[in-house]
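Given next are the chains, with one letter for each unit.
Protein chains: 2
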Amino acid sequence: MPEIQERQDGLATPAREGQVRAAALRLFKEKGYHATSMRDIAEAVGINKGSLYSYIKSKEDLLVPVFDQAQGMLTSQIEQIAADTAASPTERLKRALHAHVTAVAENLDVLTVYLSEWRQLAAESLATNRDQRERYAAMFHQILRDGIASGEFREMDTRIVMLGMIGMCNYLFRWYRPDGRLAPDQIADELIEMVIRGVQAT
Amino acid sequence: MPEIQERQDGLATPAREGQVRAAALRLFKEKGYHATSMRDIAEAVGINKGSLYSYIKSKEDLLVPVFDQAQGMLTSQIEQIAADTAASPTERLKRALHAHVTAVAENLDVLTVYLSEWRQLAAESLATNRDQRERYAAMFHQILRDGIASGEFREMDTRIVMLGMIGMCNYLFRWYRPDGRLAPDQIADELIEMVIRGVQAT
Numbered sequence: 029m030p031e032i033q034e035r036q037d038g039l040a041t042p043a044r045e046g047q048v049r050a051a052a053l054r055l056f057k058e059k060g061y062h063a064t065s066m067r068d069i070a071e072a073v074g075i076n077k078g079s080l081y082s083y084i085k086s087k088e089d090l091l092v093p094v095f096d097q098a099q100g101m102l103t104s105q106i107e108q109i110a111a112d113t114a115a116s117p118t119e120r121l122k123r124a125l126h127a128h129v130t131a132v133a134e135n136l137d138v139l140t141v142y143l144s145e146w147r148q149l150a151a152e153s154l155a156t157n158r159d160q161r162e163r164y165a166a167m168f169h170q171i172l173r174d175g176i177a178s179g180e181f182r183e184m185d186t187r188i189v190m191l192g193m194i195g196m197c198n199y200l201f202r203w204y205r206p207d208g209r210l211a212p213d214q215i216a217d218e219l220i221e222m223v224i225r226g227v228q229a230t
Numbered sequence: 029m030p031e032i033q034e035r036q037d038g039l040a041t042p043a044r045e046g047q048v049r050a051a052a053l054r055l056f057k058e059k060g061y062h063a064t065s066m067r068d069i070a071e072a073v074g075i076n077k078g079s080l081y082s083y084i085k086s087k088e089d090l091l092v093p094v095f096d097q098a099q100g101m102l103t104s105q106i107e108q109i110a111a112d113t114a115a116s117p118t119e120r121l122k123r124a125l126h127a128h129v130t131a132v133a134e135n136l137d138v139l140t141v142y143l144s145e146w147r148q149l150a151a152e153s154l155a156t157n158r159d160q161r162e163r164y165a166a167m168f169h170q171i172l173r174d175g176i177a178s179g180e181f182r183e184m185d186t187r188i189v190m191l192g193m194i195g196m197c198n199y200l201f202r203w204y205r206p207d208g209r210l211a212p213d214q215i216a217d218e219l220i221e222m223v224i225r226g227v228q229a230t
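From first to last, the protein sequence lines stand for chains A and B.
The working numbering runs 28 ahead of the 1-based position in the first sequence.
The working numbering runs 28 ahead of the 1-based position in the second sequence.
Treat the hints as calculated values from the structure; they're not laboratory data.
A portion of the hints provided could be inaccurate.
It does not matter which identical chain is meant; a pair holds if it fits inside one copy or across any two.
[Unchecked claim] The calculated SDA-like cross-link candidates involving lysine to any residue, where the alpha carbons are at most 25 Å apart (straight line), are: (1) LYS87 / LEU154; (2) LYS77 / GLY46; (3) LYS87 / HIS126; (4) LYS59 / GLU162; (5) LYS59 / ASP159; (6) LYS87 / ASP68; (7) LYS87 / ARG123.
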């Protein structure tokens, strides 16, 4: 039970809204979105189910911002990296992989829901999500093409290699444990080493 | 609607059971396990919801065999590959990656449900699934260690590299399309090339 008291006048507060969103995120990650009821969320926060509607109109209102947050984290970093064309494609690829791996490891709840619950988005949000993912993938893809053009990377099917490396980084959400043997940086370094050797020209 | 008629005597038939399981698999893949109701499954087959209970006791009875089937596909192949120690570690790793990629691509419905719906298993089935996944991972892991011992592969954190490559292959379920540009064999070859270069000794 949270220690913060409900306001006597029953009005919505930003602090309470934050608790609702945090509880929803945790439950979506643990049980899955569809299996989490509004009642579960209300109980986790210690308020009545009816009070939830002071903050949100529907359960999807708790899911969509998680997607925006996840995509924002991933995209803002790679945009900076992709734009830094003074850096070599090898350097940009290392930094993009590092950003992706550490984003997943350090925001495991948000990224787990993002990577697991895409089917639950309504059509409009799903289309937005697809566009954002494609923009993200296109930036990775361009780094690979730049590396081939510069002679740093070998000839390859850049689309398949791009999908393979993004998949490898995404899948961290299933096996990364914050209390595990290695820090996110160390895991990133191991995966970067494999990928860079995998694409570099010989 | 399926063309096969319901038996006039209303008795369960193996053909009808197959239809029930196929419809459930398709719906689990499209909508997710939790979002699929027994009514949805009955309607997809064109029978009454009550008739489903001639074949199964609960919705989970439709999910657990999908997990067994997926894990069986993956494990039976890698067991043979891992046991063939006359083949070099490089050769075994290529074959293991090829088997995994083509298993996902050629059994997309089964593997999508397997890789998406693990949270929905009850505790006992979940523990079995975890054991099977660990056995699977251990066989991959051993191939990497054999390759280091033989001098074919570089020194690396074999556990992270193993998790990275299995994740890369698993994640195919999110982006592979049967009507896409490349056949499963071609996709496997691209990913194998990247991984083998990524681990080989220089």
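The hints, checked one at a time:
Taking the shortest Cα distances, LYS87 and LEU154 sit within 25 Å of each other inside one copy (15 Å), while across copies they are farther apart (27 Å). For the identical chains of this complex, LYS77 and GLY46 are intra-copy neighbours only, at 16 Å inside a copy versus 41 Å across copies, given an alpha-carbon limit of 25 Å. With identical chains, the CA atoms of LYS87 and HIS126 are never at most 25 Å apart, being 33 Å at best within one copy and 41 Å at best between copies. In this assembly of identical chains, LYS59 and GLU162 lie within 25 Å of each other by CA distance solely across copies; the values are 22 Å between and 28 Å within a copy.
In this assembly of identical chains, the alpha carbons of LYS59 and ASP159 lie at most 25 Å apart only when taken from different copies (21 Å versus 27 Å within one copy). In the homo-oligomer, the alpha carbons of LYS87 and ASP68 lie at most 25 Å apart both inside one protomer (11 Å) and across protomers (22 Å), since each shortest distance falls under that limit. Taking CA atoms no more than 25 Å apart as the test, LYS87 paired with ARG123 passes in neither setting, with 36 Å inside one copy and 45 Å between copies.
Going through the hint list in order, the structure does not satisfy hints 3, 7.
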